[in-house]
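*Asks:* Residue numbers (my numbering), protein chains in the order written: chain S, 513 to 1048; chain H, 1342 to 1743.
Simulated from the structure, these hints should not be mistaken for laboratory data. Take the hints with a grain of salt, since some may be wrong.
Listed below are the simulated DSSO-like cross-link pairs for lysine-lysine, each with C-alpha atoms no more than 27 Å apart in a straight line [what the hints assert, rightly or not]:
id: 1; chain 1: H; residue 1: Lys1489; chain 2: H; residue 2: Lys1728
id: 2; chain 1: S; residue 1: Lys1045; chain 2: H; residue 2: Lys1442
id: 3; chain 1: H; residue 1: Lys1434; chain 2: S; residue 2: Lys854
id: 4; chain 1: H; residue 1: Lys1437; chain 2: S; residue 2: Lys936
id: 5; chain 1: S; residue 1: Lys791; chain 2: S; residue 2: Lys1012
Each pair of labels, with its calculated beta carbon distance range [as the list claims (entries may be wrong)]:
id: 6; chain 1: S; residue 1: Ala623; chain 2: H; residue 2: Lys1434; range: 22 to 28 Å
id: 7; chain 1: S; residue 1: Val561; chain 2: H; residue 2: Thr1616; range: 52 to 58 Å
id: 8; chain 1: H; residue 1: Met1631; chain 2: S; residue 2: Phe810; range: 37 to 43 Å
id: 9; chain 1: S; residue 1: Gln1011; chain 2: H; residue 2: Val1419; range: 43 to 49 Å
id: 10; chain 1: H; residue 1: Asn1666; chain 2: S; residue 2: Val561; range: 29 to 35 Å
id: 11; chain 1: S; residue 1: Gln576; chain 2: H; residue 2: Glu1505; range: 14 to 20 Å
Chain H is nowhere near these chain S residues, computed Cβ spacing over 12 Å in every case [stated by the list, open to error]:
id: 12; residue: Ile557
id: 13; residue: His677
id: 14; residue: Pro700
id: 15; residue: Thr796
id: 16; residue: Phe810
id: 17; residue: Arg963
id: 18; residue: His1031
id: 19; residue: Lys1038
Bear in mind the structure is a predicted one, so any value in this text is a computation, not a measurement. We treat Cβ as the ideally placed atom computed from N, Cα and C, and that holds for glycine.
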Amino acid sequence: MSAVLDHHDAHDHHHAPTGWRRWVFATNHKDIGTLYLLFSFAMLIFGGVLALGIRAELFQPGLQLVNPELFNQFTTMHGLIMVFGAIMPAFVGYANWMIPLQIGASDMAFARMNNFSFWLMIPAAVILALGFFMPGGAPAAGWTLYAPLTLQMGPSMDAAIFAMHILGASSIMGSINIIVTILNMRAPGMTLMKMPMFCWTWLITAYLLIAVIPVLAGAITMTLTDRHFGTSFFNPAGGGDPVMYQHIFWFFGHPEVYILILPAFGIVSQIIPTFARKKLFGYTSMVYATASIAILSFIVWAHHMYTTGMPVTGQLFFMYATMLIAVPTGVKVFNWIATMWKGSMTFETPMLWAVGFIFVFTMGGFTGLILSMAPIDQNLHDTYYVVAHFHYTMVAGSLFALFGGFYFWAPKWSGVMYNETLGKVHFWLSLIFFNLTFFPQHFLGLAGMPRRYADYPMQFADFNMLSSIGAFGFGTMQVFFFLFIVVPVMRGRGEKAPQKPWEAAEGLEWEVPSPAPHHTFENPPKLDATATKVIG
Amino acid sequence: MSTMKKTGHSVHQRWASAKATIGALVASSAVWLSPAAHAVNDLPGGPKVNGLNFQPAATRIAEELHGLHWFMLALCAVIFVLVFGVMFYSIVKHRKAAGYKAQELPEPLWVELGWTIVPLLIVIGMALPATKVVVAQKDTTNSDLTIKATGMQWKWGYDYLKGEGEGIGIVSTLDNAQRVMSNSGKPDAGVDDYLLKVDNPLVVPVGKKVRIITTATDVIHAWMVPAFGVKQDAIPGFVRDAWFRAEKTGDFYGQCAELCGKEHAYMPIHVKVVTAEEYTAWVDQQKKLMAAKADDPNKVWALADMIKRGESVYAANCAACHQPNGKGAGPIKPLDGSAIVTNADHNVMLNVLLNGAAGGAMPAWKQLSDTEIAAVMTYAKNSWSNKTEQIVQPAQVLAGRK
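So that you can see chain S by itself, here it is in the shape it has in the complex (with noise of 0.2 Å):
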């Protein structure tokens, strides 16, 4: 880290505050993308380790190590913790970091504001945390908490529903943010149409997420009552409807699942480009595939209940507006191979996985194409399948494209480059460990295993028992991530990196100095036609 904090641009002559009250009072949108990133990193590891406690018990039959209620309570916490706590703050991280620079402005919108959505983070995930220590237990009814289990819960449900409020708020002010920050203080001569692929993806996410966390606060709210203050909304003790429920809850979870993929697919666009040395292919039509991408999103999200008994008419329409998602998807896929053909290619690690994240985020949307059509889910539906198609789509999607912005921009951030050679054992053993992982868990979930299952009959213990080795191994390959990458990085130590140290790299964020200055473009920059270069 010092290499980024003592460093002093020689025309800085701002103070800025030294020591704890730098982070605690940060309003420098490079500060407070840092201490996102460490914040989503941590909460990587927690979330890692109880993914890493459920594959332990599910290592053979038999309960060994944790009672099914703990189980329960591991499954919900993991996916609360990767969802909210790991994914979506690490993008807001990179959206810090990155839109001023990649747009030419001075900082984000709102500091003072940018400082206040992270620091409520931290007690959301204290919060949420604690749940572990209080009478019952953590959660366990499920990362989408559905009625009626909810009203079962002990009162770390309320813990839990109070943490989500607090994270919400702090993503709508997150997206507020860039969304002002975007259509307001882009440098002269960059119009929307020159804008970076990553700040498009984000400014799209950011308003599905204005649209959607006030639907998952309502949602949550009206269980909070139901538990306390005797609404029935969803409980079907006084005639509430635990379904809709569910439908209130995905509407705000389709979209959600694509808050945590479009801005992986922005990174993946400024990736691609770099390393075959040529211009995005087709850079208009991804732009129009990343917003009918989140349109779509808002009128397909009961593809999750086709088990619930909708009549025929419903399951249809939801089924064929899910398929449908398909095409602009493909139009994403087939722009960036596209991109890649007849370029100069060059596999740095940050290339590496983005081409892992094109490869293997398809295989996630295969499975995700089985499974839009109903017939077919009703078997796959709460199988193992769906458990394999998700983490294809959220770990070798979102998170694979934050490794590799972070082997891509981390020059730019800490002024040293990686050790390469570690960065590449990284990604091919990560990739491996994550197909051992998930792969098996097709399998399983076509022969029929449930998912959130503590314990499993003796015909499917093969393939847990592969599934568990890979997430060892997968786990070990992200803590050697910390250690022998991220942490010299951090301390300054690796060769100096370049003020580009990317060949073909185009775009603002490489014509500042590395490490980036703490204030960059205090004057907005004279750009080139193309938006990519200051000429002045």
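Using the hints provided, position chain H relative to the given structure of chain S.
*Replies:* Leaving out everything else, chain H in the frame of chain S:
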């Protein structure tokens, strides 16, 4: 382009991590070899050992699902080969290391339009056959037999509502020996129906259209039998339905598929498909049993009979949590030595049984008959170290309900 210097430091670390990885692989493969000695076999009507695909179909709908799934797999495989064939060709050929110079491609509109419209046509091609199956799956009319499946934490209740066997009601619970085996951490690897064996399977005739109406008493459960291609949520306060027509006799297995609390993994479904004659015989037998079982709540029981009856009620309903030895486990309170159980005022214990306790962690057991509740109370009051000689009569339970 930056290239990293390989320092001695990093090489050393690489070797250390490689060694660690090899060590882990050797250790894990050694552990992995041991289940090879497992004697587990495929379970007909249930999961196969290391099954790679759907369980064999026992209904027309399930056959349709197999077909659709193969169709989708083939389609995805073709797209996979085409798309990634292009990508990997490009990765091999268009590298800087191979001296390839980047060429910007023209971006004519027809390209983008083409790869939007062609996938759209493919998607429509997928939707058509799927639509047919959805419509068939949802058609629950003209059933020969209607059975209500009620999900309860954590068992299934089956009530035959219409058709041959009308009036029969059974409760289907996981074999408690298997539940104990699961807790032991060392389940016997030779048990083919591990976690799938129940006391009373659902019995249906072959070749008849069976409509299953699902509901639940507490939280959402899901009634699933993979071989039938059926999965239907059981939602408290609501009824939903599904149907199947089994094409062959035999035993078919499924499990609860919607997270329903701590014993979610322990409420299996076992459907026994029998011939029409066997079904008629089974219905007769059940009717006789029901007549015999219809307990008179005013009957006065002897202590030994009551304890004997209570033992079976306890095994079916209480032992999963409170354990056969009455000691409880973790947050589950022990019954052995409990002041509530041994209290001379029967209403103290009865109140817990009828209304539940610990915020629902101990569910209410109102659905048991007066005789069953009286029996299980008497059993608990006179088992393990509890030697109260107290007897609870059904009439007292009946009075306590008011």
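*Asks:* All hints, please: hold or fail.
*Replies:* Verification of the supplied hints:
1. H/Lys1489 - H/Lys1728: Violated, at roughly 41 Å.
2. S/Lys1045 - H/Lys1442: 23 Å, holds
3. H/Lys1434 - S/Lys854: Satisfied, since the Cα-Cα distance of roughly 8 Å is no more than 27 Å.
4. H/Lys1437 - S/Lys936: 18 Å, holds
5. S/Lys791 - S/Lys1012: 17 Å, holds
6. S/Ala623 - H/Lys1434: 22 to 28 Å: 48 Å, violated
7. S/Val561 - H/Thr1616: 52 to 58 Å: 54 Å, holds
8. H/Met1631 - S/Phe810: 37 to 43 Å: Given about 52 Å between the Cβ atoms, the range is violated.
9. S/Gln1011 - H/Val1419: 43 to 49 Å: About 46 Å separates the Cβ atoms of glutamine 1011 of chain S and valine 1419 of chain H, which means 43 to 49 Å holds.
10. H/Asn1666 - S/Val561: 29 to 35 Å: At 34 Å between Cβs, range holds.
11. S/Gln576 - H/Glu1505: 14 to 20 Å: Violated, since glutamine 576 of chain S and glutamate 1505 of chain H (Cβ atoms, about 46 Å apart) do not stay within the stated range.
12. Ile557: Given that every Cβ of chain H is farther than 12 Å from that of isoleucine 557 of chain S, nearest at about 18 Å, it holds.
13. His677: 23 Å, holds
14. Pro700: 27 Å, holds
15. Thr796: 8 Å, violated
16. Phe810: Nearest chain H Cβ is 19 Å from phenylalanine 810 of chain S, so the label holds.
17. Arg963: 8 Å, violated
18. His1031: The assertion about histidine 1031 of chain S holds, with a minimum of 26 Å to chain H.
19. Lys1038: The assertion about lysine 1038 of chain S holds, with a minimum of 26 Å to chain H.
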